[in-house]
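Could you build the full structure based on these sequences and the hints that come with them?
There are 2 protein chains.
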Amino acid sequence: MDRTLAQEAIGRIGEAVEVAGWVHRVRNLGGVVFVILRDRSGMIQLVTDGEFPLPVESVIQARGTIAANDKAPGGAEVRLESYDVLAEAAPDLPVPVNQDPASLGLDAILDHRMISLRNPKIQSIFRIQATCVKAFGEFFRSQGFTEIKSSKIIGGGSEGGTNLFSMDYFGQTAYLAQSPQLYKQTMVASGLERVFEIGHAYRAEKHETPRHINEYVSLDIEMGFIESEKPLMEMERRFMAYLFETVAQENAQDLDVWGATVPSPESCENAPIISHDEAKAIFKAETGKRALDVNPEAERVLCDWAEREHGIPMVFVNAFPRRKRPFYTYPDGQKTMSFDLLFRGLEITTGGRRINEYSMFQDALAKFGMTEQELGAYVDIFKYGCPPHGGFAIGLERITQKILGLANIKEATLFPRDRKRVSP
Amino acid sequence: MDRTLAQEAIGRIGEAVEVAGWVHRVRNLGGVVFVILRDRSGMIQLVTDGEFPLPVESVIQARGTIAANDKAPGGAEVRLESYDVLAEAAPDLPVPVNQDPASLGLDAILDHRMISLRNPKIQSIFRIQATCVKAFGEFFRSQGFTEIKSSKIIGGGSEGGTNLFSMDYFGQTAYLAQSPQLYKQTMVASGLERVFEIGHAYRAEKHETPRHINEYVSLDIEMGFIESEKPLMEMERRFMAYLFETVAQENAQDLDVWGATVPSPESCENAPIISHDEAKAIFKAETGKRALDVNPEAERVLCDWAEREHGIPMVFVNAFPRRKRPFYTYPDGQKTMSFDLLFRGLEITTGGRRINEYSMFQDALAKFGMTEQELGAYVDIFKYGCPPHGGFAIGLERITQKILGLANIKEATLFPRDRKRVSP
Numbered sequence: 047m048d049r050t051l052a053q054e055a056i057g058r059i060g061e062a063v064e065v066a067g068w069v070h071r072v073r074n075l076g077g078v079v080f081v082i083l084r085d086r087s088g089m090i091q092l093v094t095d096g097e098f099p100l101p102v103e104s105v106i107q108a109r110g111t112i113a114a115n116d117k118a119p120g121g122a123e124v125r126l127e128s129y130d131v132l133a134e135a136a137p138d139l140p141v142p143v144n145q146d147p148a149s150l151g152l153d154a155i156l157d158h159r160m161i162s163l164r165n166p167k168i169q170s171i172f173r174i175q176a177t178c179v180k181a182f183g184e185f186f187r188s189q190g191f192t193e194i195k196s197s198k199i200i201g202g203g204s205e206g207g208t209n210l211f212s213m214d215y216f217g218q219t220a221y222l223a224q225s226p227q228l229y230k231q232t233m234v235a236s237g238l239e240r241v242f243e244i245g246h247a248y249r250a251e252k253h254e255t256p257r258h259i260n261e262y263v264s265l266d267i268e269m270g271f272i273e274s275e276k277p278l279m280e281m282e283r284r285f286m287a288y289l290f291e292t293v294a295q296e297n298a299q300d301l302d303v304w305g306a307t308v309p310s311p312e313s314c315e316n317a318p319i320i321s322h323d324e325a326k327a328i329f330k331a332e333t334g335k336r337a338l339d340v341n342p343e344a345e346r347v348l349c350d351w352a353e354r355e356h357g358i359p360m361v362f363v364n365a366f367p368r369r370k371r372p373f374y375t376y377p378d379g380q381k382t383m384s385f386d387l388l389f390r391g392l393e394i395t396t397g398g399r400r401i402n403e404y405s406m407f408q409d410a411l412a413k414f415g416m417t418e419q420e421l422g423a424y425v426d427i428f429k430y431g432c433p434p435h436g437g438f439a440i441g442l443e444r445i446t447q448k449i450l451g452l453a454n455i456k457e458a459t460l461f462p463r464d465r466k467r468v469s470p
Numbered sequence: 047m048d049r050t051l052a053q054e055a056i057g058r059i060g061e062a063v064e065v066a067g068w069v070h071r072v073r074n075l076g077g078v079v080f081v082i083l084r085d086r087s088g089m090i091q092l093v094t095d096g097e098f099p100l101p102v103e104s105v106i107q108a109r110g111t112i113a114a115n116d117k118a119p120g121g122a123e124v125r126l127e128s129y130d131v132l133a134e135a136a137p138d139l140p141v142p143v144n145q146d147p148a149s150l151g152l153d154a155i156l157d158h159r160m161i162s163l164r165n166p167k168i169q170s171i172f173r174i175q176a177t178c179v180k181a182f183g184e185f186f187r188s189q190g191f192t193e194i195k196s197s198k199i200i201g202g203g204s205e206g207g208t209n210l211f212s213m214d215y216f217g218q219t220a221y222l223a224q225s226p227q228l229y230k231q232t233m234v235a236s237g238l239e240r241v242f243e244i245g246h247a248y249r250a251e252k253h254e255t256p257r258h259i260n261e262y263v264s265l266d267i268e269m270g271f272i273e274s275e276k277p278l279m280e281m282e283r284r285f286m287a288y289l290f291e292t293v294a295q296e297n298a299q300d301l302d303v304w305g306a307t308v309p310s311p312e313s314c315e316n317a318p319i320i321s322h323d324e325a326k327a328i329f330k331a332e333t334g335k336r337a338l339d340v341n342p343e344a345e346r347v348l349c350d351w352a353e354r355e356h357g358i359p360m361v362f363v364n365a366f367p368r369r370k371r372p373f374y375t376y377p378d379g380q381k382t383m384s385f386d387l388l389f390r391g392l393e394i395t396t397g398g399r400r401i402n403e404y405s406m407f408q409d410a411l412a413k414f415g416m417t418e419q420e421l422g423a424y425v426d427i428f429k430y431g432c433p434p435h436g437g438f439a440i441g442l443e444r445i446t447q448k449i450l451g452l453a454n455i456k457e458a459t460l461f462p463r464d465r466k467r468v469s470p
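For the record, the sequence lines run as chains A and B. Mind the numbering: the first sequence is residues 47 to 470 in this note's numbering, read in order. Mind the numbering: the second sequence is residues 47 to 470 in this note's numbering, read in order.
To be clear, the hints were calculated from the coordinates, so they are not data collected in a lab. Backbone N, C-alpha and C fix where the C-beta goes; we use that ideal spot for every residue, glycine too. Worth double-checking, as some hints may not be accurate.
Here are some of the chain A residues that sit facing chain B, going by a computed Cβ distance under 7 Å [as the list claims (entries may be wrong)]:
hint: 1; residue: ALA66
hint: 2; residue: VAL105
hint: 3; residue: ALA133
hint: 4; residue: MET160
hint: 5; residue: ILE199
hint: 6; residue: MET213
hint: 7; residue: GLY237
hint: 8; residue: LEU238
hint: 9; residue: HIS246
hint: 10; residue: GLU261
hint: 11; residue: VAL263
hint: 12; residue: PHE271
hint: 13; residue: PRO433
hint: 14; residue: PHE461
Right under this line is the structure:
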């Protein structure tokens with residue numbers, strides 16, 4: 047008999063079916079046993095007046111007839127006739143799967159990750175994350191971007207970055223890339239012009255914050271023939287609208303489980319663009335305090351301000367001072383053609399126009415105390431004809447976190463890596 | 047004025063336009079200069095009777111009127127009126143961009159990767175590769191699979207593998223994952239049932255072959271509720287058909303440049319399934335030689351045989367002996383429920399059903415001299431209810447290589463990593 051998924055049951059009232067999945071919950075009400083079975087599509091209730099001795103999380107294949115029942119999940123239940131045990135679970139489950147994960151601490155959730163990922167509420171996080179990845183690819187393909195896959199093992203710290211993880215590479219020292227910056231620029235300059243990459247990025251920083259992890263997925267784009275950061279912000283604004291629309295359509299239930307909503311696609315139009323100086327002034331006006339930079343507190347204050355004044359908790363901050371941005375950022379007097387995007391109190395994107403003229407590139411190296419030698423082949427990009435260009439990167443885990451309102455970015459990471467955690 | 051792309055020119059005959067791109071080639075025919083300009087969409091010819099002193103690869107923005115010209119690429123040319131130089135290239139281009147890369151050795155192509163990637167024929171490789179990634183995501187999403195992103199930094203060699211790259215992780219030793227095997231299985235067992243991942247995999251093997259690289263992109267799937275490797279082969283057969291259909295539709299020009307074709311989607315139906323024993327027998331019958339295993343020579347012979355006998359150079363080999371497969375492979379007597387897919391003489395996929403019963407898992411560990419301790423949290427997957435399941439992985443660079451008939455897998459890798467090469 048073909049397998050029926052939980053969500054298909056409501057369409058097959060009266061039919062004899064076979065269902066399969068995990069025993070999510072068992073309730074014995076004096077002679078009648080209700081078994082909630084979990085499969086990839088959702089939950090279905092099985093009812094029997096016989097015995098049901100299996101521990102939760104056991105996997106079974108069950109046969110019976112579907113009957114309507116308003117009180118059962120999905121509005122239908124299976125009157126159980128027989129079942130086979132595909133895998134019996136041990137009874138000593140280290141963390142519960144069928145309870146709200148809020149009752150567990152984050153450490154318990156991560157220490158027992160193989161089991162906590164079975165929790166439907168936790169799975170919702172990763173269904174939303176999958177939609178973010180899909181929407182990113184769809185949107186940028188529709189704009190003429192080509193997907194690339196660049197190397198994550200690099201011979202040197204080509205962005206002039208510190209805090210790189212080092213590794214032994216057949217006897218030489220190599221590093222894990224902190225971003226695909228160099229490679230994105232190569233591909234723009236190659237003539238592909240518009241590229242995107244979905245890949246891991248690594249930061250060997252000893253952070254202990256709710257917003258940092260040491261390995262994350264970076265949603266990167268880079269595009270040619272732009273003369274400032276403005277077209278990048280416009281592109282990202284349109285992507286965010288597409289993302290919110292897609293998540294609202296495809297993950298309504300997952301949002302519901304967390305009591306979360308996404309801004310309307312139309313409201314993305316209203317997200318303000320303010321300069322770094324304006325950002326500090328707004329922070330001052332809102333809090334009475336001076337900020338030397340757009341720090342985490344300022345990010346929250348600015349998003350609250352944007353929501354109140356513009357109807358969306360999202361704000362672009364541009365015109366950062368040069369000393370606050372990497373050497374390759376395109377200068378604009380003492381400022382730069384760069385921006386961050388803040389969403390619900392968190393920086394989710396950094397981007398900007400990059401230097402493309404070789405002579406300006408040489409000046410920037412000198413100013414930042416760097417040499418062409420240490421950058422190796424990176425220099426060739428600029429020496430042999432590179433159009434004006436720029437790009438940005440969105441942190442996948444951060445945007446997932448903020449869509450759902452999760453307290454810690456590690457909740458939005460399947461197998462997070464932090465200072466102490468390198469398994470499972 | 048809005049920019050017109052090269053491929054749009056044919057639709058705008060008689061109009062004044064602005065085009066932009068790289069100076070790909072300059073021909074001076076006694077008073078008339080023909081400039082071929084390259085942009086992300088293709089090539090367009092500019093014609094002028096003035097001077098054109100710029101080196102190739104310089105980036106310009108040019109204005110003029112479009113005229114029909116059958117002899118020009120795309121059937122139209124721009125009568126040049128004026129242009130701006132966006133970036134002048136140095137005249138000492140280390141490798142030519144506008145010639146067939148066959149005239150260069152592989153080392154020159156890789157040593158000057160920033161420049162060789164500008165070659166349109168080389169770019170075609172990566173446009174095809176981008177389509178492979180896209181088609182993989184589209185196909186498996188359509189089959190109810192959820193995309194995951196698992197960690198590439200792991201605390202131990204959970205597959206019992208050797209040849210792992212090691213790294214320093216905040217004072218402890220960690221490794222780069224050789225595959226997402228453990229994590230795919232976790233997510234199947236979690237209840238997601240069907241997952242796929244597109245991500246890097248690492249092998250610290252000292253190979254020097256045209257088919258190995260040390261960092262590659264693995265297209266991975268894993269699915270629950272299957273009792274043998276047969277549904278996996280069927281799933282892959284359908285994916286291959288979808289892939290060939292998509293590449294033929296979207297990359298006709300890229301295939302053309304390489305004189306390549308893909309098998310018809312329908313012919314994928316005919317790809318035979320033979321056992322490991324049959325594979326050796328066919329090799330013997332074809333060559334008169336005995337093979338102890340399906341080695342690279344046998345892979346070529348078997349694909350030639352499949353093409354001659356079944357009309358497609360693609361063959362599934364299943365029922366591998368147990369000692370040739372990893373410990374987690376589901377046994378079937380002395381054989382296993384596992385398979386490889388060979389395409390055009392190269393193994394592009396390894397897959398199979400995995401052990402899901404805890405007691406069988408414990409037996410397998412004992413047989414392979416392993417312990418639960420060394421596998422850590424991996425064991426929990428099986429202890430707490432894991433359905434029958436299996437999966438496979440396709441090497442992205444290998445499939446790209448074989449679609450185009452490239453001699454070396456490094457040609458199908460943007461920034462390949464081998465024993466000696468860790469940059470650019």
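Hints and how they fare:
About 6 Å separates the beta-carbon of A/ALA66 from the nearest beta-carbon of chain B, less than 7 Å, and the hint is met. Interface hint at A/VAL105: satisfied, since its Cβ lies 5 Å from the closest Cβ of chain B, which is below the 7 Å cut-off. For the restraint placing A/ALA133 at the interface with chain B, the shortest Cβ-Cβ distance is roughly 5 Å, inside the 7 Å limit, so the hint holds. Contact between A/MET160 and chain B, as hinted, is supported at the beta carbon level, the nearest pair being about 4 Å apart and thus within 7 Å.
Given the 7 Å rule on beta carbons, the hint for A/ILE199 holds: about 6 Å separates it from the nearest Cβ of chain B. Taking 7 Å as the C-beta contact cut-off toward chain B, the hint placing A/MET213 at the interface holds, the least distance being around 4 Å. Restraint check, A/GLY237 versus chain B: the minimum CB separation of about 5 Å is within 7 Å; hint holds. The criterion of a C-beta within 7 Å of any C-beta in chain B is met by A/LEU238, whose closest approach is roughly 6 Å, and the hint holds.
Satisfaction of the interface hint for A/HIS246 is found here, the shortest Cβ-Cβ separation to chain B being roughly 6 Å, below the 7 Å cut-off. Residue-level restraint check for A/GLU261 holds (minimum Cβ-Cβ distance to chain B is 6 Å; threshold 7 Å). For A/VAL263, the shortest C-beta to C-beta distance to chain B is roughly 5 Å, which falls under 7 Å, so the interface hint holds. Given the 7 Å rule on beta carbons, the hint for A/PHE271 holds: about 6 Å separates it from the nearest Cβ of chain B.
For A/PRO433, the suggested interface contact is upheld, since its CB lies about 5 Å from the closest CB of chain B, less than 7 Å. The beta carbon of A/PHE461 is positioned within 7 Å of a beta carbon in chain B (closest approach about 4 Å), and the interface hint is therefore held.
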